[in-house]
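**Q** Chains A and B, in that order, give the protein sequences.
Mapped onto our numbering, the consecutive letters of the first sequence carry residue numbers 1 to 456.
Mapped onto our numbering, the consecutive letters of the second sequence carry residue numbers 1 to 456.
These are calculated hints, taken from the structure and not from any lab test.
Don't take every hint at face value.
[Unchecked claim] In silico BS3-like links for lysine-lysine, alpha-carbon gap of 25 Å or less:
1) B:K11 / A:K205
2) A:K169 / A:K14
3) A:K353 / B:K24
4) B:K235 / A:K242
5) B:K24 / B:K11
6) A:K235 / B:K235
7) A:K455 / A:K80
8) B:K342 / B:K356
9) A:K14 / A:K26
10) A:K315 / B:K11
11) A:K315 / B:K205
[Said to hold, decoys possible] Label-pair distances were calculated between CB atoms; the ranges are:
12) B:E239 / A:H363: 33 to 39 Å
13) A:K353 / B:D94: 47 to 53 Å
14) A:E338 / B:E31: 55 to 61 Å
15) B:P102 / A:K353: 43 to 49 Å
[Unchecked claim] Calculated from the model, a selection of chain A residues having no Cβ within reach of chain B, i.e. all distances over 10 Å:
16) N2
17) M171
18) F201
19) K205
20) L244
21) N303
22) P319
23) T340
Even glycine gets a Cβ: it sits at the ideal position worked out from N, Cα and C.
Number of protein chains: 2
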Amino acid sequence: MNELLNLIELKKDKYLEELKEFLKLKSISSEPEYKEEVRKTAMWLKIHLSKIGFEKTQIIETKGHPIVYAEWLGAGPNAKTVLIYGHYDVQPVDPLEEWHTPPFEPTVIDGKIYARGTADDKGQIFAHIKGIESHFQTYGKLPVNVKLLIEGEEETGSGNVEDFIAENKKMLQCDTVLISDTEWYTFGLPSICYALRGISFVEVKVIGPNRDLHSGSYGGVVDNPIFVLAKMLSKLKDENGKILIPGFYDKVAKVSEEERKHFKNLPFSEDEFKKDIDVEELSGEFDFSVLERIWIRPSIDVNGIKGGYIGEGMKTIIPSEASAKISMRLVPNQDPKEITEKLTEYLISIAPKSVKVNVTPYHGGNPVITPIDSPGIKAAVRALELAFNQKPVFMREGGSIPITATFSKVLGAPPVLMGLGLPDDNIHAPNEKINLDNFYGGIKASAIFFEEYSKL
Amino acid sequence: MNELLNLIELKKDKYLEELKEFLKLKSISSEPEYKEEVRKTAMWLKIHLSKIGFEKTQIIETKGHPIVYAEWLGAGPNAKTVLIYGHYDVQPVDPLEEWHTPPFEPTVIDGKIYARGTADDKGQIFAHIKGIESHFQTYGKLPVNVKLLIEGEEETGSGNVEDFIAENKKMLQCDTVLISDTEWYTFGLPSICYALRGISFVEVKVIGPNRDLHSGSYGGVVDNPIFVLAKMLSKLKDENGKILIPGFYDKVAKVSEEERKHFKNLPFSEDEFKKDIDVEELSGEFDFSVLERIWIRPSIDVNGIKGGYIGEGMKTIIPSEASAKISMRLVPNQDPKEITEKLTEYLISIAPKSVKVNVTPYHGGNPVITPIDSPGIKAAVRALELAFNQKPVFMREGGSIPITATFSKVLGAPPVLMGLGLPDDNIHAPNEKINLDNFYGGIKASAIFFEEYSKL
């Protein structure tokens, strides 16, 4: 591997110039006027992948933007197969006036490269492409089979790639899915995110009288749907953060002491956390640390509520209805479908007879966990440690990355999140950047990953 | 009085023709394109009042539509003075296609006259004008002094007339204020409404984190402003409809058994009431009847609520804030200012330290009550009984008519609500009408009122 790592050192400038070319392409997937530019980016990528040595490269049409697919299966049927997932589309650039350098003119300042998509996700997926190239150039081959799936609609919800995966299980068959689209816990601490929370999302509507009533003529005798909804919401969680839906915690997996120890060792300041969001006091299950509450415990939130008159001034009505959007973050081994049903039953059971209640399920997403002693995670640990000269830390995420659940569920392949970004990368914001050390280190980590994974 | 009542019988057709002229004028106060028509209506009224015998008639300019004022003080300084209040403006006519006859072409069908403003309030105020005229024509005078205050902005909030009253206390000085702008309890039951609930209205805002947070990254550790607001709202009222604001009931006047007996005798079907609004069950303080809960007990309602994402689909945020509009209906002798303060203190006291709470008071209105044994009410009872050959019933209103509180508070004159409308008059709706029996009976009732009131 030394020869390969030396090559990477020598080619840094070339890699950076190529990354700049990739970054100059305005692949904003959510804005229709960039449709052709998105396609141009996909084409550029396909040609680039052919040039560096992929046997097969493909533009796959979808109902939206195309998917770029490439594979190299030269390691043979007995070797392991790694699917690398990433996306070539980027977020819009508004507000443009807050950028210090133009978003599509990549600019290096103080060891960081600024442009839209540097961290999310062009810089990260490109590190893998260069990691693969370094193997081709040094050894003429890879120690594992590689499939590359780079979509153009991650920033608009990944709807079409989800369908594509479901319909092409055989083509995408693999032993693990390597994804670099997340960030380190903090600067200087390479991180492996090995679990994500799932989600269940519903809308509940409380329907009272058949029309808005005059609160003078009816106030005192008719149950007000907003009051009823408020009372129902107040019964979802107790003062200690415990969720009151019967059976909610039944399948929550116990987290090992080893894992909890990893979290305890992470630098965390509750004061800074509170200051950043400007609240005086945190809430929740105080038997668990803040990170544990976010990463290993399920949660429930009301994401929106509306009812009655919400314009300026006053209107004295008892509204006919009120509704709320409720989401729950789930942890292994909670099942979104089952939890949605439990919530629905509970909401109906606590509503008074004076109202009707409708619950509409919107979306479910499974929690994802890849055991920290699984081959993919072990290889990623080794890769980050060697590439960055620093033992990586283990972390989880409180949010969901729906496609990881799809890989896990549909392909049966454990995802490995070997993120290369940093919390201050300004993704989805002006002045997005990636630190060059992370980009170059990421190329090395990718190259080492294939080597290490092939041995496990 | 027989001579006078005979005269009214003889002049019915003339009165109806004059009412039609009044109804043809399109005095829609809320629509700017009718501004000139509103003024024309005021002018028509002024000229009409001059013609029938008022000494002094005036168009009083305001920042909005003009007020028509007239007085006859010929009964002398030792006689009582009655101020009659009404309005000559009307509601818009949309949806026009639902009218069976054109809204400004008064049409008599089956003893009812259809047109915008028939019941609200042209027909009712015109009954008083004709009642006064019948005295002038029969006796050449009235047994009381009369002041007529007819505004043109009742349907847009009466803002300018409220100011006018406050600034012209001496000019408007009187012993009682007679108002016919309400309706009977039901067909065939002439009614006197002798009390109205007051109101206190506030908006409460719960402010949590300084920005909307990702519910994945923060769910489980940050108090959600919607949850907090829901919990606060759920603490405003218990399961038995009792309002939990400390001191809320301190000043609630006990209602006499005599009054409660009047309400018990009124026809009321709880089944029909529920069917009309399509609810399975009523709520509130079950120690009181439905009518009592609406008329003599204070109530609290949430009139509107909003927070977080309320568009289509999902957005998984913990919102930065949530707010609700809360109104309370007050009964004698609750003071809106004091109650608003109590609610504000209570809301702040039940909020957790994790949020900030802002309470904005919007509006207060005093409850109004005119004792049923006061001279004005006694005269109205006698007037309705003689005019309609039916003993009137006593009722209250759950809503507020803010101007009655102004008369009571600013002029110190007890208001007497001698309504002539019926619940099926379609006020504010297509096909507004007044029954001709109620219009003609109203003229007699008005004439008799002056006579009876002068004797008490």
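**Q** Against each hint, give a clear statement of whether it holds in the structure.
**A** Right, here's what the structure says about each hint:
no.	hint	in the structure
1	B:K11 / A:K205	violated, 58 Å
2	A:K169 / A:K14	violated, 36 Å
3	A:K353 / B:K24	violated, 49 Å
4	B:K235 / A:K242	holds, 19 Å
5	B:K24 / B:K11	holds, 20 Å
6	A:K235 / B:K235	holds, 12 Å
7	A:K455 / A:K80	holds, 9 Å
8	B:K342 / B:K356	holds, 18 Å
9	A:K14 / A:K26	holds, 21 Å
10	A:K315 / B:K11	violated, 43 Å
11	A:K315 / B:K205	holds, 17 Å
12	B:E239 / A:H363: 33 to 39 Å	holds, 34 Å
13	A:K353 / B:D94: 47 to 53 Å	violated, 37 Å
14	A:E338 / B:E31: 55 to 61 Å	holds, 56 Å
15	B:P102 / A:K353: 43 to 49 Å	holds, 46 Å
16	N2	holds, 40 Å
17	M171	holds, 31 Å
18	F201	violated, 5 Å
19	K205	holds, 12 Å
20	L244	holds, 12 Å
21	N303	violated, 5 Å
22	P319	violated, 7 Å
23	T340	holds, 13 Å
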